[in-house]
Amino acid sequence: AQSVTQPDIHITVSEGASLELRCNYSYGATPYLFWYVQSPGQGLQLLLKYFSGDTLVQGIKGFEAEFKRSQSSFNLRKPSVHWSDAAEYFCAVGMDSNYQLIWGAGTKLIIKP
Amino acid sequence: DAGITQSPRHKVTETGTPVTLRCHQTENHRYMYWYRQDPGHGLRLIHYSYGVKDTDKGEVSDGYSVSRSKTEDFLLTLESATSSQTSVYFCAISEKPQGAPEAFFGQGTRLTVV
Chain A
13 AQSVTQPDIH
23 ITVSEGASLE
33 LRCNYSYGAT
43 PYLFWYVQSP
53 GQGLQLLLKY
63 FSGDTLVQGI
73 KGFEAEFKRS
83 QSSFNLRKPS
93 VHWSDAAEYF
103 CAVGMDSNYQ
113 LIWGAGTKLI
123 IKP
Chain B
4 DAGITQSPRH
14 KVTETGTPVT
24 LRCHQTENHR
34 YMYWYRQDPG
44 HGLRLIHYSY
54 GVKDTDKGEV
64 SDGYSVSRSK
74 TEDFLLTLES
84 ATSSQTSVYF
94 CAISEKPQGA
104 PEAFFGQGTR
114 LTVV
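Here the protein sequences line up with chains A and B, keeping their order. In terms of this note's numbering, the first sequence opens at residue 13 and continues consecutively. In terms of this note's numbering, the second sequence opens at residue 4 and continues consecutively.
To be clear, the hints were calculated from the coordinates, so they are not data collected in a lab. By construction, the Cβ of each residue, glycine as well, lies at the ideal position given by its N, Cα and C atoms. Among the hints, erroneous ones may be present.
[Said to hold, decoys possible] Derived DEER-like restraints, expressed as beta-carbon distance ranges:
hint: 1; chain 1: B; residue 1: 86; chain 2: A; residue 2: 26; range: 15 to 25 Å
hint: 2; chain 1: A; residue 1: 27; chain 2: B; residue 2: 117; range: 22 to 32 Å
hint: 3; chain 1: A; residue 1: 120; chain 2: B; residue 2: 85; range: 19 to 29 Å
hint: 4; chain 1: A; residue 1: 95; chain 2: B; residue 2: 117; range: 48 to 58 Å
hint: 5; chain 1: A; residue 1: 53; chain 2: B; residue 2: 70; range: 21 to 31 Å
So that you can see chain A by itself, here it is in the shape it has in the complex:
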């Protein structure tokens, strides 16, 4: 079955430290890949997306993600986090064959001062 795994439910990072959030997916072919962020009480906002081409994609708010086909991964990174990055982050994948986005369970990012 198709699935998306975000292995970390919570991650705590000090302000100014680097960040990597993991996302692995299970599909037969290269899917469309997305990272979304959700602040408390808010809807979801797209951070970045990968459809094809360069496997390192840049997004908003200083985030980037790298697609690694061999590892079926699409990890999100940021070199230096800010307190305002505290939120929940969701990885999602989509396929040509259907209309559905499949979502990971989310990773809650906590920033230590």
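Knowing the structure of chain A, use the given hints to seat chain B on it.
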């Protein structure tokens, strides 16, 4: 911000009563989606629409129905609400399937069934 409005934003209802949630868009996007969000589950697709009067089931459609009589409106109905339907419901829109190039989300509706 994309023009998506969900109403109501909060609702408390009793078990067994019907409930309708509304999603209204001003972007003229073809695709509309209803998701529910529960802790530990991420977002799960309930129903989606690929045009006026064109809808289909998602992953967790049991107990829910939808209607789309106009491009701008997508209604989600719980025919007889149950406590297991207590959740936060999100509407999303996109120009293409799978949210490609991007899905825009509403602010959510928090539904409590008592």
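We went through each hint and held it up to the structure:
no., hint, result
1, 86/B to 26/A: 15 to 25 Å, "violated, 40 Å"
2, 27/A to 117/B: 22 to 32 Å, "violated, 40 Å"
3, 120/A to 85/B: 19 to 29 Å, "holds, 28 Å"
4, 95/A to 117/B: 48 to 58 Å, "violated, 36 Å"
5, 53/A to 70/B: 21 to 31 Å, "holds, 28 Å"
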